[in-house]
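Engineer: The lines below spell out each chain.
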Amino acid sequence: MNEGSPTAGAMHPDRLFPADPGTRAIARSLYAQVRALPLISPHGHTDPRWFATNEPFTDPASLLLTPDHYITRMLYSQGVALEALGVPARDARGASPEPRVIWRTFAAHYHLFRGTPTRLWLDWVLAEVFGIDVPLAPANADRSFERISERLAQPAYRPRALFERFGIEVLATTESPLDTLEHHAAIRASGWPGRIITAYRPDPVVDPQTPGFLENLVRFSELTGSDALTWRGYLEAHRTRRAFFARFGATSTDHGHPTARTADLGEREREALFQRVVRSAQAGTPHGDEAEAFRAQMLTEMARMSLEDGMVLQIHPGAWRNHNAPLYARFGENIGADIPAATDYVGALRPLLNRFGNERALTVIVFTLDESSYSRELAPLAGHYPALKLGPAWWFHDSPEGLMRFRERTTETAGFYNTVGFNDDTRAFFSIPARHDAARRIDCSFLARLVAEHRLPESEALQVARDLAYRLPKQAYRL
Amino acid sequence: MNEGSPTAGAMHPDRLFPADPGTRAIARSLYAQVRALPLISPHGHTDPRWFATNEPFTDPASLLLTPDHYITRMLYSQGVALEALGVPARDARGASPEPRVIWRTFAAHYHLFRGTPTRLWLDWVLAEVFGIDVPLAPANADRSFERISERLAQPAYRPRALFERFGIEVLATTESPLDTLEHHAAIRASGWPGRIITAYRPDPVVDPQTPGFLENLVRFSELTGSDALTWRGYLEAHRTRRAFFARFGATSTDHGHPTARTADLGEREREALFQRVVRSAQAGTPHGDEAEAFRAQMLTEMARMSLEDGMVLQIHPGAWRNHNAPLYARFGENIGADIPAATDYVGALRPLLNRFGNERALTVIVFTLDESSYSRELAPLAGHYPALKLGPAWWFHDSPEGLMRFRERTTETAGFYNTVGFNDDTRAFFSIPARHDAARRIDCSFLARLVAEHRLPESEALQVARDLAYRLPKQAYRL
Amino acid sequence: MNEGSPTAGAMHPDRLFPADPGTRAIARSLYAQVRALPLISPHGHTDPRWFATNEPFTDPASLLLTPDHYITRMLYSQGVALEALGVPARDARGASPEPRVIWRTFAAHYHLFRGTPTRLWLDWVLAEVFGIDVPLAPANADRSFERISERLAQPAYRPRALFERFGIEVLATTESPLDTLEHHAAIRASGWPGRIITAYRPDPVVDPQTPGFLENLVRFSELTGSDALTWRGYLEAHRTRRAFFARFGATSTDHGHPTARTADLGEREREALFQRVVRSAQAGTPHGDEAEAFRAQMLTEMARMSLEDGMVLQIHPGAWRNHNAPLYARFGENIGADIPAATDYVGALRPLLNRFGNERALTVIVFTLDESSYSRELAPLAGHYPALKLGPAWWFHDSPEGLMRFRERTTETAGFYNTVGFNDDTRAFFSIPARHDAARRIDCSFLARLVAEHRLPESEALQVARDLAYRLPKQAYRL
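Chains as they are written, first to last, in this note's numbering: chain A, 19 to 497; chain B, 19 to 497; chain C, 19 to 497.
In the SDA-like style, the derived pairs of lysine to any residue whose C-alpha atoms are separated by at most 20 Å in a straight line are:
hint : chain 1 : residue 1 : chain 2 : residue 2
1    : B       : K492      : B       : E187
2    : C       : K492      : B       : Q96
3    : A       : K492      : C       : G97
4    : A       : K492      : A       : R265
5    : B       : K492      : B       : G185
6    : C       : K492      : C       : A54
7    : B       : K492      : A       : G97
8    : C       : K492      : B       : G97
9    : B       : K492      : B       : G267
10   : C       : K492      : C       : L325
11   : B       : K492      : B       : L325
12   : C       : K492      : C       : R378
Keep in mind that the hints were calculated from the coordinates and are not lab data. Everything numeric in this text was worked out from a predicted model, so none of it was measured.
Looking at chain A on its own, in the form it has when it is part of the complex:
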């Protein structure tokens, strides 16, 4: 949204900058140098089909509300039924509400988002993408619904046009090894030059507690021609599939485990562990400790393969997925019921780091949902091991306060250069520029304070601001 002019209403040009006038002036000046840099989106969850088919987005509710678990969780917490937001129960028989009705429900509860990043992102999308410069409210809900609907029907609001308008240089999606990558193939075949790449997320064939794990292994075998029910065949299947993903631009893998535990077993133990895991799966009795041990070992296996093929390894640990069992039973995953848990890194990562952490050719990017680990474990680890870098503030912490705490607590020990810039990590395509913009503003605000407190010359702060916004993510993710 590089050309976007600030609107009178929602989006103030100084938003997110510190209030102190001197510091604000510095932040403004730093930000002016980075605001228009192209967006690097090295990790996210947009749907490659959008860019493959380039069909118009359907309606405001199913585009902006129903799939956004930041929104559904907040409304649900205040008594709004998920069905009323268009989230269907597994056994739903009736129809979902009309999109316009969902939009009205959202508008009636928009005050719940005061002080949250969702409010910032949505205000940005309404103002900057759709030119709606009054805050959403029940009284204007229908007007904004119509305005958005009209725009979505226009060619300028199709996925590829927006990708270009948003100034995205590269956008990574995330796929399972079982994905055929047909949409990525279609994008490439189309001749459209937008750089959409995939990333290798093997959880469905790595986590024995995934529903359908055994069937996944069978499919993994079929796709690769390796017998993924044997240890050697299984590893070979990964290698084959990683190479396939690399052909569609993948430069990274991603692993969403419950903990950050890693292991470095001997060759024989690894194979025996795999066999136990398969037998348990075949018997229909997956075993928690076994599954945890296998996930742990597989992070080290993935690091080994990363040394071979150059892919960056990302670890996103620490979410207790589907915490609300009755709701999961009715609605399934990704409805806003994943809750962070205290996460150990210093012991958990040691086996992997002691095996491969001294390799300069390897990049492991670690994320956390447990902010207490920033200064205690993560910054010290990343400030020592050559292979380890810190991913940016993630998920619940990808917010103005969260992004600022990340810098405040990691910089003094890890510096800026053991971090990797920003990840939007989102499926909410329309909010991508707003998220990068917030990250750039917060980084500039942090740097402005360092300058104002005479801890860093402004000329160096400017270099750091540029590195964080553009150079570091490209370099860290090898883009």
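Since chain A is already given, all that's left is putting chains B and C on it; use the hints.
Structural biologist: Frame of chain A; chains B and C shown alone:
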């Protein structure tokens, strides 16, 4: 203290507001709209006898110092004997020091409280309640002692008069199920319209590790006519007593467990667990794991009853009570030797939340002494489960920095509307207005920053400020 | 560096002060009153040989870079080999790089330290000690190397001259009980009046997992004439050696354990535990649980001896030493591979505190690498137990943000007077004034905010600033 004019000395009208002039002006303007709102005190520990008898308070030391464990802990930590503060040892034979001497001891150590909330609260009480506008110091200790003593003898300083002067709309005390609520009955019988209500705190009959637990169950049976040594009778006794408390205005229960653990056992297991607990108590050998399991199950039982009778369930977990064993042996409880411990919520609350967390008719308010859980566990949980709300910063964290950290770390994920305004949670009656005032100032300061950083329009911030100060506590506690 | 005039280049006179002009003016005014106070350095790791021999320091690299693990860790994390920084591998055969080459390598990577305390300290050393007023950069690396080299050859840059120029009133080093203290003896014999004292750090004879533990006990016996392989003789050896250390000024002991665990076993169990530890050591099979139990008990033994001889007991727990096993195998200790771990205090310290925590004659100073414990456990513990005080922000947290978080999170519960001022805790002699200066500036900045927010009168803030900078460390460490 709505009419209170700021004194030249201790209390500056801009106290606790951010220093930046622009932000301060916004905070001042928001605060002007909420400062005079009536005080809602939905959870606290004042003595209902004060309001029943309306007798004058005795003397400055036994009113303001001896029962305040924030004060006794700090002085004790710096070498002052508890006896010198009027706290009697269990086996004390000699007399306590004169109140005037205790007051002098306090004045001589007043510098220890620099930077603490106790200093803020005491300065406020001296200035605003007693018109003493110089900070307490050894040189003026006697003068202030006399001034306070004189005032306490005046009708305007009796409990009911102060209740009215303080602008309290409703004040909850906390009683055990074994309490007869005679003082509450007397207040009602007196015709005085001050709204003093009770709250149901069943720890003495729920926690098998309470001294006298078995005797408590016997008394529980006597009071209710149910055999509280059987599982059914025990639950029935709770129901009877909750209904009795409700007649004296109770809208909430409160549970002060060592951990936040909950359980959701089957009917047979619950009963068997209760029987084991009773047998252990009868044998004089309470068992730690059993006690923990029983407390855990009882939170879920209390939630079940809350669904029946509409009472709000409060959980105050995570204090290691009576950490200093030798001091506990000599002086007993509540002397300032309770220490917070790391507290898990994500696993601990799951059984209760999976059972009843999706009930919109239920309100569970959870507190913490472990600030690392704010952004990691509590805000995500409260931002999802309809039944769960976040209690305000508690105890050690009920302070300017603590209140601010609460907002900084919970708002972006839970919003404002999954929080419940302020609790003073105090037995220090005179400090109640000071505590609410500090909370209002800090909330306005936080909101002022959001406004100054263009994250929230001022008109909306004002609405939030009013909600936090008045509407939310009334609504959450059903007052 | 009391006379140091600010340079035009790197060191701004307002550095580290808050940006808000009003608050900054207060900070500046408070700092003006404490900046020239003598430095009290009650805990650190400088080499007493420097002051014994008073020989010139050799070269810029081996003085300022190679031994500084803050520097080596950061460069290593970004792919610079330790050998390139002059850190020799255990089996090194070739020569180290020339100091000038090491200096150039450092200059080429100086941007990595943006935003870190190392940058602040180094800038200060270059500007204030060596008069180099442009930031280090590849283009000026040779010039600064030469300038420093020239200066180091001058009499004014010898250890004793710098000690005096730095305005250090007292400087404690840290030695093992097996150390002969010959350098301390030489300092005393020399007639030079600089007050260099030792401190008793018995880890090598207390931690059964120390390499060479058994040999250390044998040497301990030889040095003391007690049979340190028996429990009584072992304790007697400690007493003897503590008395010897006291003759060289020691007023404190220090204990660097993996955890904060303490124990208070009965007489028989203690002796039996010691015997098991010795037997395991003799068998060459040290046992982890046994070692942990022994370290735990020894903290209580040390507290007992502190009550006898008046030494202050320091506990520095929570570092996972030598986390990077392959690097440890090649290079040994103190290369920047120690990583903090989550650390419990509330349970861990209880045995010692229940035994001796109520003793007013005892001072236990506890440190942490786990900032989540500041407000949760440490401030409440120190705000209660008379014997317990909080050491300042330590190691990874001895930085502007870390020092500020320490005050923000401990003051409201522990006050200022249960803290002990600043420890530089460094082997980097040249940076000592910079570190104290940063601590004074941050403390003044924190106090300035309290003043600006009308939470503390400026006159009292000034008294606190002086206490933190000078009086409290002298008093707490009995200097």
